[in-house]
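The chain contents come next:
Number of protein chains: 2
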Amino acid sequence: MTQVTERLTNGVDTQRLFATLDAITAQPEIAKFQFRARNRWIGGAHNRSVIKDFGGAGGEDTSRAEPFVLDAGEPAVLLGTDTGPNPAELLLHALAACLTTSLVYVAAARGVRLTEVESALEGDIDLRGALGLSNEVRNGYEGIRVTFSVRGDAPPERLREVVERAQARSAVFDVVSHGVPVAVTVAND
Amino acid sequence: MTQVTERLTNGVDTQRLFATLDAITAQPEIAKFQFRARNRWIGGAHNRSVIKDFGGAGGEDTSRAEPFVLDAGEPAVLLGTDTGPNPAELLLHALAACLTTSLVYVAAARGVRLTEVESALEGDIDLRGALGLSNEVRNGYEGIRVTFSVRGDAPPERLREVVERAQARSAVFDVVSHGVPVAVTVAND
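Here the protein sequences come in this chain order: G and P. Every number in the working numbering is 6 more than the matching position in the first sequence, counting from 1. Every number in the working numbering is 6 more than the matching position in the second sequence, counting from 1.
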């Protein structure tokens, strides 16, 4: 029990973390992953995604017995019935989650023990874009602000470095701040 | 009852939709919204977002009695305990939800009655970037593919046009494909 506790830093098994990094260095192709979601419209602004399988580490993952089921919606002011967070809010959740996990893993790898990580996200959007009322206003967020509160057994400047490194390596931060090619096709059989 | 049914196309109250567009045209500042999320680290790859309040339509929304609570995690192969979809998967949910809602609203505005909207999303990612093992590989997705299956009371080319218009106006599609400035700060009090 003592041994298991010592292996975990911030709840991360650092021995396994370093072994994973070594394995990828020796065999880079196992780092290629494919994540997936299936979505189905239910009615109005209500739709639902199912997330279960993914590919990676050289094969198909089969570790998930049950899928994750996530709803989306819009509040009344945006013509929905509030069946879930709206898509723009869901994007903030994905961003917060990725920055936080990156931060926790980076801290674990550096031996920094965290006691608290909280973040508040705000995104400004002018809906004239998405509603088709203006071609001068973009459809998406004009900007997103993320404010972290981080506490742990390291001085403030060390905690700040961990946040900076997390930002420099976060997958969702990269996509949201730089964009990625998205191919949309219609395949009606 | 008949009247209510007739006002709804795809579950969207088109009379309210057009009234909303008219109101924004008359008073563009009511289209400015601010969406928010608060996230808290729980342990390891497990963190949780709370989504409730937002600003828009000229004030603070108070319509939500309860917050939405969303968990994130990582599967075992990525050193987590599968406490939720991982952040990269959550991004796919946000993207699917936004494209689908845009599609449903555009169809409603055009009088196209939909019977089915399904989508499958795949994102390819080489984790050497996010894991800090390569500077030549980006941290985020290299590309995302979205495949829609759409059925309704319109010919295939009309349904295709609705998908194209949805893509041209989706807020999350815009952010994910073009990027947005994200400011990350640490504010430890």
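In case anyone wonders, no lab produced these hints; they're calculated from the structure. Here a beta-carbon is modelled for each residue, glycine too, at the ideal position from N, C-alpha and C. It cannot be assumed that every hint is accurate.
Said to hold, decoys possible - Covered stretches of chain G, as calculated for chain P (at least 3 residues, CB under 8 Å): (1) 24-34; (2) 117-129; (3) 158-164.
Unchecked claim - Derived contacts from chain G toward chain P, CB cut-off under 8 Å, selection only: (4) G50; (5) G64; (6) T68; (7) L76; (8) R151; (9) A193.
Hint check:
1. Counting residues of the segment 24-34 of chain G whose CB lies closer than 8 Å to any CB of chain P gives 5, which reaches the minimum of 3, so the coverage claim holds.
2. By the rule of at least three residues with a Cβ nearer than 8 Å to a Cβ of chain P, the coverage given for the segment 117-129 of chain G holds, with 9 such residues.
3. With 1 residues bearing a CB less than 8 Å from a CB of chain P, the segment 158-164 of chain G misses the requirement of three and the coverage assertion fails.
4. Checking G/G50 against chain P by beta carbon gives a least distance of about 3 Å; that is within 8 Å, so the hint holds.
5. Below 8 Å, beta-carbon pairs count as interface contacts, and G/G64 has none with chain P, the closest being about 10 Å; its hint is therefore violated.
6. With 8 Å as the threshold, the beta carbon of G/T68 stays out of range of chain P, its nearest partner Cβ sitting at about 10 Å, so the hint is violated.
7. For G/L76, the suggested interface contact is upheld, since its CB lies about 5 Å from the closest CB of chain P, less than 8 Å.
8. Of the supplied interface hints, the one on G/R151 holds, with its beta-carbon coming within about 5 Å of a beta-carbon of chain P, less than 8 Å.
9. Annotation: G/A193 was flagged as interfacial toward chain P, and the flag holds, the nearest CB pair being 5 Å apart, inside 8 Å.
Checked against the numbered hints given earlier, this structure breaks hints 3, 5, 6; the rest are met.
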